[in-house]
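J.: Here is how the chains run, residue by residue.
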Amino acid sequence: MTSTDISNQPSLLRRLISGDAQQKLLAFASLVLLLIGFSIASPNFMQVSNIIAILQASSVNGVLAIAATLVIITGGIDLSVGTMMTFCAVIAGVVLTYAGLPLPFGILAAILAGAFCGLCSGTLVAKLKIPPFIATLGMMLILKGLSLVISGTRPIYFNETAGFDLISRGSIIGYFFPSLPIPNGVLILFLVAISVSYILSRTVLGRYCFALGSNEESVRLSGVNTDRWKMAIYALSGAIVGIGGLLIASRLNSAQPALGLGYELEAIAAVVIGGTSLSGGRGTILGTLIGALIMAVLINGLRILSVAQEWQTVVTGVIIILAVYADMMRRRKSG
Amino acid sequence: MNSSPSLVDMSGIEKRFPGVHALKNVSFNLRAGEVHALMGENGAGKSTLMKILSGVYLRDSGVVRLDGKEVTFAEPKKAQDAGVGIIHQELSLMNDLTAAQNIFIGREPRFGFGRLDEKALNRQASEIFASMNLDLDPRVCVGELSIARQQMVEIAKALSYRSRVLIMDEPTAALNDTEIDELFVIIRRLQKENVGIIYISHKMDELKRISDRVTIMRDGENVDTVDAKATPVSDIIAMMVGRALIDSDVEIPDTSEGTPALEVRGLTRGREIVDVGFTVQKGEILGFAGLMGAGRTEVARAIFGADPRDAGEVLVHGKSVDIQSPADAVASGIGYLSEDRKHFGLAIGMDIRANVAMASLENYTSKMGKLDEAAIGLVTREYIDKLDIRTPSDQQEVRLLSGGNQQKVVIAKWLLRDCEILIFDEPTRGIDIGAKAEIYKLLNRLAAQGRAIIVISSELPEILRVSHRIAVMSEGRLTGILPGGANTTQEAIMHLATKRETVSESLGATA
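Protein sequence lines, in the order shown, are assigned to chains A and B. To convert, note that position 316 of the first sequence is 316 in the working numbering; the numbers rise steadily by one, no gaps. To convert, note that position 499 of the second sequence is 499 in the working numbering; the numbers rise steadily by one, no gaps.
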């Protein structure tokens with residue numbers, strides 16, 4: 001028996017109603033319900049300009065959430081993505097504004113700075129065996145402090161770098177299709193999502209992400225250099241945070257060193273709403289994307305309905321708890 | 001036999017851990033095409049020796065030769081590459097990955113640039129399954145498989161390395177008889193291909209069936225290497241424990257008088273439990289036999305209130321009790337000792353005191369909610385004495401105790417709670433032979449003190465050894481109740497355990 005028939009796979013239907021798909025479906029259904037609800041509640045909601053505003057608002061959080069998803073699937077957590085984002089923006093500022101180098105160097109510097117920070121976190125976690133929560137808590141404070149030190153606590157403006165603001169606010173799509181002025185920030189979010197999604201499902205790095213979160217010791221005993229892969233995953237996550245740093249700096253046309261704290265929690269919230277398990281081993285980028293969109297739609301819709309900002313925060317908290325509860329219920333049912 | 005060449009030759013192996021001299025001048029020899037059993041009580045050093053062979057541990061001194069060449073494996077990967085595969089005792093699979101992904105973890109077929117060839121991965125996995133005669137979709141998540149199937153995936157993983165030496169650490173612990181037969185067919189096939197197999201197990205009948213030679217270890221030392229077929233089981237056991245065990249026959253007390261301590265009527269839960277009814281008298285041990293999945297544990301959990309039931313009545317000392325939760329069951333004097341001690345029976349990181357008092361804390365708490373540590377310590381030491389728990393102190397962390405002593409801590413917990421009815425689910429799983437005998441004696445003593453005891457076990461010799469009566473289940477139904485002791489044979493139990501429908505007249509116990 002050299003070739004074996006493997007056509008007795010679970011039917012498409014069975015796979016669709018399987019656990020992970022269910023959670024994605026649930027998140028997606030919630031998103032659609034929110035969209036319908038707000039459309040009915042306010043005629044201003046379903047405008048092209050507003051939808052674009054929502055997408056633009058979700059781009060930074062979306063990119064950070066994708067970075068956080070990678071680490072969370074390995075069973076870790078990353079509390080430093082917010083201040084790391086700011087740090088990368090400040091580094092871009094140093095390269096472009098202080099040193100006056102051309103734009104590509106700034107972009108490269110921000111991404112490399114992120115990858116290096118991620119590598120540091122990964123080294124702390126993998127080599128020194130410091131729990132991810134503590135290691136990234138430390139990194140969060142270190143990077144916040146460094147951002148303030150490097151910038152002298154003052155914002156760094158990018159006025160002298162032509163085209164920097166276009167990274168997020170320009171629209172390549174709008175250039176070719178004037179009726180569809182989707183900003184580059186949104187385009188970048190989707191490109192990052194597609195790439196990371198591919199990495200997770202089709203590459204060795206992605207496979208070890210899930211494997212580490214599922215049973216690290218077993219991966220190690222299978223002869224995989226788990227430390228090295230873990231460091232690589234954190235570094236990739238950091239590089240993506242670097243992209244997030246470029247997006248926010250471009251949107252503000254400045255690096256704001258005091259910014260960043262709190263972004264990590266919003267990113268983790270989007271990951272969780274998207275159905276990624278905080279205990280590791282499972283999760284999807286599509287889910288995280290939907291999670292980030294749900295949060296952006298919610299904030300935008302409530303604002304249009306003139307709900308006070310304080311209440312927007314309360315609602316976000318409730319949504320997070322509901323999402324995790326729904327996930328647990330589903331898991332309990334499937335045993 | 002001497003003509004077959006030595007595949008593995010270990011000699012003078014020494015290994016120390018902090019405070020423990022784990023291996024003392026140990027030798028071990030494996031020939032190609034041989035099944036070589038490695039026996040010894042827990043802590044005898046079998047697993048340590050195998051971990052050295054498979055590259056998990058480094059030896060302190062000694063020589064390991066593979067095909068006559070001296071080798072040192074710095075990590076498991078090196079051992080695997082050299083053809084030494086190991087199937088670990090504790091399943092070490094990644095539940096969120098598919099069967100195929102598990103098998104090829106660390107050496108996935110790739111296209112380049114780190115991209116995975118998922119098709120090749122699944123094809124190669126299904127080829128291995130086919131060679132094992134195993135009908136399994138390589139794309140199923142391992143977490144969704146039964147323990148037995150997960151075990152098969154482990155074996156497939158080891159086979160995929162084209163191992164010339166295969167170490168199996170208690171491979172049948174979670175398998176039923178049919179699955180064990182399948183495993184043995186695979187082992188014999190590997191034998192024909194000149195693979196050397198090291199087989200660790202506590203089950204004597206299996207060793208007799210499958211192995212050629214047996215090496216016995218005790219306290220980190222070699223005792224002897226003997227021919228498996230020619231050496232009587234009692235000799236092997238004697239070498240393992242260092243003393244001969246008296247395998248006395250069951251004394252069956254007269255328990256025909258009086259109200260049963262526990263009576264169960266018409267217990268039903270979905271298709272798992274179908275109309276199960278039985279009684280247990282004071283002072284009686286009722287054994288529950290059956291194949292895996294027959295519904296024995298489900299019955300115990302339903303009685304204990306751990307799972308809801310669709311129908312059925314539970315009577316304690318003749319009075320109907322309404323058990324909706326484990327708390328209700330405990331209040332009625334029923335204790336349940338789970339088969340999975342580490343997950344459900346013990347707070348593994350806490351000390352003996354805390355565990356013994358766990359179910360009775362309200363009796364050792366002042367009005368202000370303060371725990372009476374002195375009283376807890378006193379009563380814990382009393383039970384350490386009574387049950388002969390071997391520990392340096394009552395404040396030893398439970399995870400540091402051996403399996404047998406952990407089991408005794410669980411028993412102490414329920415005795416302190418004054419449970420008159422005790423349900424033991426696989427009480428000796430993972431416990432070595434010497435400690436098993438002690439647990440059996442303890443069960444007898446508990447029964448003699450007037451407690452009603454249910455013992456669920458998958459090992460027929462164990463059921464026959466401890467039970468006064470034997471209830472047999474098959475596919476959720478009670479298919480018969482047999483007398484214990486010498487009057488019943490393993491064949492009689494197996495006959496009922498493989499029966500397809502209820503034989504209601506054999507439920508004579510309700511009289």
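Hints should not be assumed to be uniformly reliable.
Lysine to aspartate or glutamate pairs mimicking EDC-like chemistry, simulated, CA-CA at most 20 Å apart [as the list claims (entries may be wrong)]:
id : chain 1 : residue 1 : chain 2 : residue 2
1  : A       : K127      : B       : D137
2  : B       : K229      : B       : E206
3  : B       : K24       : B       : E206
4  : B       : K203      : B       : E193
5  : B       : K441      : B       : E462
6  : B       : K77       : A       : E216
7  : B       : K77       : A       : E217
8  : B       : K203      : B       : E420
9  : B       : K78       : A       : E217
10 : B       : K386      : B       : E438
11 : A       : K127      : A       : E217
12 : B       : K78       : A       : D165
13 : B       : K367      : B       : E382
14 : B       : K208      : B       : E491
15 : B       : K77       : A       : D227
16 : B       : K24       : B       : D181
17 : B       : K78       : A       : E310
18 : B       : K208      : B       : D219
19 : B       : K386      : B       : D340
20 : B       : K69       : B       : E118
21 : A       : K129      : A       : D227
These are calculated hints, taken from the structure and not from any lab test.
J.: The structure should be examined with respect to each hint, and the outcome stated for every one.
T.: Hint-by-hint comparison with the structure:
For the hint pairing A/K127 with B/D137, the CA-to-CA distance comes to about 37 Å; that exceeds 20 Å, so the pair is violated. With a C-alpha separation of about 11 Å, the suggested pair B/K229 and B/E206 falls inside the 20 Å cut-off, and the hint holds. Among the hinted pairs, B/K24 with B/E206 is inconsistent with the structure: their alpha-carbon atoms are about 28 Å apart, more than 20 Å. For a cut-off of 20 Å, the pair hint linking B/K203 to B/E193 is broken: about 25 Å separates their Cα positions.
Of the pairs offered as hints, the one joining B/K441 and B/E462 holds, with about 12 Å between alpha carbons and a cut-off of 20 Å not exceeded. Straight-line distance between C-alpha atoms of B/K77 and A/E216 comes to about 15 Å, which keeps the hinted pair within the 20 Å bound. For the given pair, B/K77 sits about 13 Å from A/E217 by alpha-carbon distance, which is consistent with the 20 Å threshold. For the suggested pair B/K203 and B/E420, the alpha carbons sit about 32 Å apart, so the restraint of at most 20 Å is broken.
At roughly 17 Å between alpha-carbon atoms, B/K78 and A/E217 fall within 20 Å of each other, so this suggested pair holds. Proximity of B/K386 to B/E438 is assessed by CA-CA distance (about 12 Å); at most 20 Å being required, the pair is judged to hold. The hinted pair formed by A/K127 and A/E217 meets the criterion: a straight-line CA distance of about 15 Å does not exceed 20 Å. With a CA separation close to 53 Å, the supplied pair B/K78 and A/D165 exceeds the 20 Å bound.
With a CA separation close to 25 Å, the supplied pair B/K367 and B/E382 exceeds the 20 Å bound. Of the supplied pair hints, the one linking B/K208 and B/E491 holds, its CA atoms being roughly 18 Å apart against a limit of 20 Å. At roughly 15 Å between alpha-carbon atoms, B/K77 and A/D227 fall within 20 Å of each other, so this suggested pair holds. Proximity of B/K24 to B/D181 is assessed by CA-CA distance (about 36 Å); at most 20 Å being required, the pair is judged violated.
Among the hinted pairs, B/K78 with A/E310 is inconsistent with the structure: their alpha-carbon atoms are about 59 Å apart, more than 20 Å. Under the criterion of a C-alpha separation no larger than 20 Å, the hint pairing B/K208 with B/D219 is inconsistent with the structure, at around 23 Å. Using a Cα cut-off of 20 Å, the hinted pair B/K386 and B/D340 is violated, with the two alpha carbons roughly 24 Å apart. Between B/K69 and B/E118 the alpha-carbon distance is near 37 Å, which puts this suggested pair outside the 20 Å criterion.
With a C-alpha separation of about 10 Å, the suggested pairing of A/K129 with A/D227 holds against the 20 Å cut-off.
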